[in-house]
Amino acid sequence: INVDEAVTQGVEATLAKPLTETIYLSSSYTFTDSEQKTGEYKGMPLQQLPKHLFNVDVTWQTTDNLESWTKVTYRGKEMDPVTGPSRNSIVEPAYTFVDAGVTYQLTDNTKIKGAIYNLFDEDINYKEYGYVEDGRRYWLGLDVAF
21 INVDEAVTQG VEATLAKPLT ETIYLSSSYT FTDSEQKTGE YKGMPLQQLP KHLFNVDVTW
81 QTTDNLESWT KVTYRGKEMD PVTGPSRNSI VEPAYTFVDA GVTYQLTDNT KIKGAIYNLF
141 DEDINYKEYG YVEDGRRYWL GLDVAF
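Residues 21 to 166 in our numbering are what the sequence shown spells out, letter by letter.
Simulated from the structure, these hints should not be mistaken for lab results.
Glycine included, C-beta positions come from ideal geometry on N, C-alpha and C.
Mixed in with the good hints, there may be bad ones.
The list that follows gives simulated cross-link-like pairs (lysine to aspartate or glutamate, EDC-like), each with its CA atoms no further than 16 Å apart [stated by the list, open to error]:
(1) K71 to E55
(2) K131 to D163
(3) K133 to D84
(4) K133 to D119
(5) K91 to E55
(6) K37 to D77
(7) K91 to D141
(8) K57 to D24
Now the in silico label distances, taken between C-beta atoms and shown as ranges [as the list claims (entries may be wrong)]:
(9) T116 to D53: 18 to 26 Å
(10) T130 to K62: 30 to 38 Å
(11) K37 to G59: 41 to 49 Å
(12) K71 to P38: 26 to 34 Å
(13) D163 to K71: 32 to 40 Å
(14) K97 to F140: 15 to 23 Å
(15) Y124 to T58: 29 to 37 Å
(16) G30 to D77: 33 to 41 Å
(17) F166 to K71: 45 to 53 Å
Let's have the full structure, built from the sequences with the hints guiding it.
Next comes the structure, spelled out in structure tokens:
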């Protein structure tokens, strides 16, 4: 939905810190408050914009050649206006994704990477959320520097 005028305000905080010589933590939190100032949904929050968004990422340098990581992302509930005469809104529930991956240094110039995104196969479907997110997916990559 296009909006002629809206106001958003919020706060974002980030923390990045080595916990040990081999474990690194990074995290961020975003709070966003929004309001549509004009149009049919005046006074309502912007569509599909959660008030709370949080992620934490832990990376472990397992060996000199092997690094593993895990990321947890929380997306808070969202308001989604319903089109039509009812002028109600749907509250889309919060959800959490967990992702994990590894990187292996094959040579000085070559890395192989693998990851599983949405590890627990959270179902984010159109009926409940108004949009679709991928289910569990697998990723494999090769980095070659020359």
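Hints versus structure:
1. For the hint pairing K71 with E55, the CA-to-CA distance comes to about 11 Å; that is within 16 Å, so the pair holds.
2. As the CA atoms of K131 and D163 are separated by approximately 5 Å, the hinted pair is consistent with the 16 Å bound.
3. A threshold of 16 Å between alpha carbons decides the hint, and for K133 with D84 the separation of about 15 Å falls inside it, so the pair holds.
4. The suggested pairing of K133 with D119 holds, with an alpha-carbon distance near 14 Å, which does not exceed 16 Å.
5. A C-alpha spacing of about 30 Å is found between K91 and E55, which places the hinted pair above 16 Å, so the restraint is violated.
6. In summary, the hint linking K37 to D77 is supported, as the alpha carbons are separated by about 11 Å, within the 16 Å threshold.
7. A distance of roughly 14 Å separates the Cα atoms of K91 and D141; the hinted pair therefore holds under the 16 Å criterion.
8. Taking the CA atoms of K57 and D24, the gap is near 8 Å; set against the 16 Å cutoff, the hint holds.
9. Checked against the hint of 18 to 26 Å, the pair T116 and D53 passes, with Cβ atoms roughly 22 Å apart.
10. T130 and K62 have their C-beta atoms about 56 Å apart, which leaves the hinted 30 to 38 Å range violated.
11. At about 43 Å, the beta-carbon gap between K37 and G59 stays in the expected band of 41 to 49 Å.
12. Between K71 and P38 the beta carbons are some 31 Å apart, a value that agrees with the proposed interval 26 to 34 Å.
13. Taking the beta carbon of each, D163 and K71 are about 37 Å apart, inside 32 to 40 Å as hinted.
14. In this structure the hint that K97 and F140 lie 15 to 23 Å apart at CB holds, the actual value being about 19 Å.
15. Between Y124 and T58 the beta carbon distance is about 53 Å. The supplied range of 29 to 37 Å is therefore violated.
16. A hinted range of 33 to 41 Å for the beta carbons of G30 and D77 is inconsistent with their spacing of about 21 Å.
17. Our hint of 45 to 53 Å for F166 and K71 holds, since their Cβ atoms are close to 46 Å apart.
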